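Position chain B relative to chain A; hints supplied.
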Amino acid sequence: MPDHVFKPETLAIHAGQIPDAATGARALPIYQTTSFVFDSAAHAAALFNLQTFGNVYSRLSNPTVAALEERVAALEGGRAAVATASGMAAEALALMTILQAGDHVVAAGALYGGSVTLLAVSLKKFGIDTSFVDACDPAAIAAAMRPNTRAVFAESLGNPSLQVLDIAAVAEVAHAHGVPLVIDNTVPSPFLCQPLALGADIVVHSATKYLAGHGTTLGGVVVEGGRFPWDNGKFPGMTEPSPGYHGVKFYETFGDFGFTMRCRMESLRVFGAALAPMSAWQILQGIETLPLRMERHCANALAVAQFLRADPRVAWVNYPGLPEHPQHALMQRQMRGASGLLAFGVKAGVNGGVKAGVKAGVDAAVGAEEAAGVRFIEAAQFMSHLVNIGDTRTLISHPASTTHRQLDAAQQRAAGVTPDMVRISVGLEHIDDILWDVDQALAAAAR
Amino acid sequence: MANDISTLRRILHRCRTIAVVGLSAEWHRPSYFVASYLQGKGYRIVPVNPRYAGTQILGETVYAQLEDIPHAVDMVDVFRKPADVLPIAHSAVAIGASCLWQQLGVLNEPADAVARAAGLDSVMDRCVKIEHARLAGGLNWVGVNTGVISARRPVGL
Chain A
250 MPDHVFKPET LAIHAGQIPD AATGARALPI YQTTSFVFDS AAHAAALFNL QTFGNVYSRL
310 SNPTVAALEE RVAALEGGRA AVATASGMAA EALALMTILQ AGDHVVAAGA LYGGSVTLLA
370 VSLKKFGIDT SFVDACDPAA IAAAMRPNTR AVFAESLGNP SLQVLDIAAV AEVAHAHGVP
430 LVIDNTVPSP FLCQPLALGA DIVVHSATKY LAGHGTTLGG VVVEGGRFPW DNGKFPGMTE
490 PSPGYHGVKF YETFGDFGFT MRCRMESLRV FGAALAPMSA WQILQGIETL PLRMERHCAN
550 ALAVAQFLRA DPRVAWVNYP GLPEHPQHAL MQRQMRGASG LLAFGVKAGV NGGVKAGVKA
610 GVDAAVGAEE AAGVRFIEAA QFMSHLVNIG DTRTLISHPA STTHRQLDAA QQRAAGVTPD
670 MVRISVGLEH IDDILWDVDQ ALAAAAR
Chain B
51 MANDISTLRR ILHRCRTIAV VGLSAEWHRP SYFVASYLQG KGYRIVPVNP RYAGTQILGE
111 TVYAQLEDIP HAVDMVDVFR KPADVLPIAH SAVAIGASCL WQQLGVLNEP ADAVARAAGL
171 DSVMDRCVKI EHARLAGGLN WVGVNTGVIS ARRPVGL
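Protein chains in written order, with our numbering: chain A, 250 to 696; chain B, 51 to 207.
One chain only, chain A, in its complex shape:
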């Protein structure tokens, strides 16, 4: 009899956690321990040789953290996962496991600012080059491929550009060149989009956002799809004896979760960005309600987008859930909803911007448009001005002066950031109250 296929709502509550073997505890115990005893010297040797599975030290694995790893793997339709201390750690770990000095990455131009810095500055320092291209154009990705390209990196739904990636088309380009497609799926969450099913090979998450969902806890996850042929000759680190783990051949030994094992035993073990058990527990508590929360985030965001679109004080609205969004059809094809993030431009008021800009601490030469955005942010009553997304609370930010401040004007444009852009991460408050706060902040911005 074939196994029953469980739906995401069930996986969000059950995957990765059956009652505790020792106590029968139904909810997930928090294994707040650094280390685990060996049964014998032979058991210790077998564990270190990876000949048996078990816990040694919580920097490598921990039963509470493992429940989170399996749950996110299940929600993504993946084979295996490894959790990390933050989303950036997940991204760095995934890329550092795939890449080595002399390799090249093709990345979407419209990425989260931290991801741009990781690729353009930090990895470059270690001899890994990145070409940033318009990921909406698979031909541009194909044209940027080099003989030493070893990964394509993009976001399923760009933050804050809100570009929807044609994952199947980009995966085809990556696979034609024998390299994996790595997708940051933070903004949709696995409930709204499953990149692995569309052809991606690795998914990374900032679990801090919708997965945890309450603005309390940092975490990240790397998920492996299990279908990429690592033995195609381009990834000796996966097929040759590992100098980092006494000669184990990760792909041959662990097959379709060989990448995850290598990520854990080579990269996590030495870079050390392990997730704390308490944090894993908090993120899992959030994931149990992920499907319910995402449905409401989507509904509230659509209502805010429709309100803004009809408002003369607003220059433009960018939300993939609106029919006029250039990739609305693509969003409908590969996502269950457009998520809770939207961006819009506040029209410059009659007073211009210099005074307000100075008051806000942004450059004195700031334009009127940027100043209007800043005034909107400052006038909000309960919408919180901060740089996180995916909270129960509605969050607002002005990327040009915060998250994307480190980028120059050209990089900002490439990342889809304009001076007047306000980003809203629409929360779970009552929609009438959210619209009330947006309305009164727009009134203040227009003054």
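If you are wondering where the hints come from, they were derived from the structure by calculation, not from laboratory data. Be careful, since some hints might not be right.
[Unchecked claim] From chain B, some residues computed to sit far from chain A (all C-beta separations above 10 Å):
| id | residue |
| --- | --- |
| 1 | Asp54 |
| 2 | Ala75 |
| 3 | Tyr87 |
| 4 | Gly146 |
[Unchecked claim] Here are some of the chain B residues that sit facing chain A, going by a computed Cβ distance under 7 Å:
| id | residue |
| --- | --- |
| 5 | Met51 |
| 6 | Ser74 |
| 7 | His78 |
| 8 | Gln89 |
| 9 | Gly92 |
| 10 | Pro100 |
| 11 | Ala186 |
| 12 | Gly188 |
| 13 | Leu189 |
| 14 | Asn190 |
| 15 | Val192 |
| 16 | Ile199 |
| 17 | Pro204 |
| 18 | Leu207 |
[What the hints assert, rightly or not] For lysine-lysine, the following DSS-like pairs were computed, each having C-alpha atoms within a straight-line distance of at most 27 Å:
| id | chain 1 | residue 1 | chain 2 | residue 2 |
| --- | --- | --- | --- | --- |
| 19 | A | Lys483 | A | Lys374 |
| 20 | B | Lys91 | A | Lys498 |
| 21 | A | Lys483 | A | Lys498 |
| 22 | A | Lys483 | A | Lys373 |
| 23 | B | Lys131 | A | Lys483 |
| 24 | B | Lys131 | A | Lys498 |
Please read all numbers here as calculations on a predicted model, not as lab measurements. Don't be surprised by glycine CBs; every beta carbon is placed ideally from N, CA and C.
Frame of chain A; chain B shown alone:
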């Protein structure tokens, strides 16, 4: 080919003596990983490899072929390239094994058909160690999606 959780549980519960065809004597080879893991879980492994016939691996006598084993075998676990599996399937049937198991990366469909026609359970392209750890516990500790959803405390297989 058997693929579902209840069948795999039944196979791993019933098969206590496992002939490992193509077992290497080198500790870092996957076949050695699997055999030493299975020993640790209480299974008896029987090495089959003409290269090492008459010697011992993991404390067990190595036989050149399945037919040389002087006692009953429940499972024949195959670490050979797919093209070599068909005669091994016939041997598995001849010695009265109840399961033919082709390891990860080994898929020989005619061999699968031979085993099933003779009433054996047949598994392809899976690892005995990984499936055991998936269902009996352990694999979940390294973040693998086990597919196990249950409200019962784990009690081995």
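Okay, the hints, checked on the actual structure:
The claim that Asp54 of chain B lies off the interface is violated: its Cβ sits roughly 5 Å from the closest Cβ of chain A, which falls inside the 10 Å cut-off. Every CB of chain A lies more than 10 Å from the CB of Ala75 of chain B, the least distance being 15 Å, so the non-interface label holds. Look at Tyr87 of chain B: its CB is around 5 Å from the nearest CB on chain A, not clear of 10 Å, so calling it non-interface is violated. Residue placement check: Gly146 of chain B keeps its beta carbon more than 10 Å from all beta carbons of chain A (closest about 26 Å).
Taken as an interface hint, Met51 of chain B does not check out: its beta carbon lies about 12 Å from the nearest beta carbon of chain A, beyond 7 Å. Among the interface hints, the one on Ser74 of chain B is violated; its C-beta lies about 12 Å from the nearest C-beta in chain A, farther than the 7 Å criterion. The restraint placing His78 of chain B at the interface with chain A holds, with a minimum CB-CB distance near 5 Å, inside the 7 Å limit. Violation of the interface hint for Gln89 of chain B is found here, the shortest Cβ-Cβ separation to chain A being roughly 10 Å, above the 7 Å cut-off.
For Gly92 of chain B, the shortest C-beta to C-beta distance to chain A is roughly 13 Å, which exceeds 7 Å, and the interface hint is violated. Evaluation of the Pro100 of chain B hint against chain A yields a violated restraint, the C-beta minimum of about 22 Å exceeding 7 Å. For the restraint placing Ala186 of chain B at the interface with chain A, the shortest Cβ-Cβ distance is roughly 10 Å, beyond the 7 Å limit, so the hint is violated. For Gly188 of chain B, the suggested interface contact is upheld, since its CB lies about 4 Å from the closest CB of chain A, less than 7 Å.
The closest approach between the C-beta of Leu189 of chain B and any C-beta of chain A is roughly 6 Å, which is under the 7 Å cut-off, so the hint is satisfied. Interface hint at Asn190 of chain B: satisfied, since its Cβ lies 6 Å from the closest Cβ of chain A, which is below the 7 Å cut-off. With 7 Å as the threshold, the beta carbon of Val192 of chain B comes within range of chain A, its nearest partner Cβ sitting at about 6 Å, so the hint holds. Look at Ile199 of chain B: its Cβ gets to within about 5 Å of chain A, closer than 7 Å, so that hint holds up.
The interface hint given for Pro204 of chain B is met, as the beta carbon of that residue sits about 5 Å from the closest beta carbon of chain A, less than 7 Å. The interface hint given for Leu207 of chain B is broken, as the beta carbon of that residue sits about 13 Å from the closest beta carbon of chain A, more than 7 Å. Using a Cα cut-off of 27 Å, the hinted pair Lys483 of chain A and Lys374 of chain A holds, with the two alpha carbons roughly 22 Å apart. The straight-line distance between the Cα atoms of Lys91 of chain B and Lys498 of chain A is roughly 23 Å, inside the 27 Å bound, and the hint therefore holds.
About 15 Å separates the Cα atoms of Lys483 of chain A and Lys498 of chain A, which keeps this hinted pair within 27 Å; it holds. The straight-line distance between the Cα atoms of Lys483 of chain A and Lys373 of chain A is roughly 20 Å, inside the 27 Å bound, and the hint therefore holds. For the proposed pair Lys131 of chain B and Lys483 of chain A, the alpha carbon gap of about 23 Å is at most 27 Å, so the pair holds. Note on Lys131 of chain B and Lys498 of chain A: the hinted pairing holds, with a Cα-Cα distance of about 18 Å set against a maximum of 27 Å.
Checked against the numbered hints listed earlier, the structure breaks hints 1, 3, 5, 6, 8, 9, 10, 11, 18; every other hint is satisfied.
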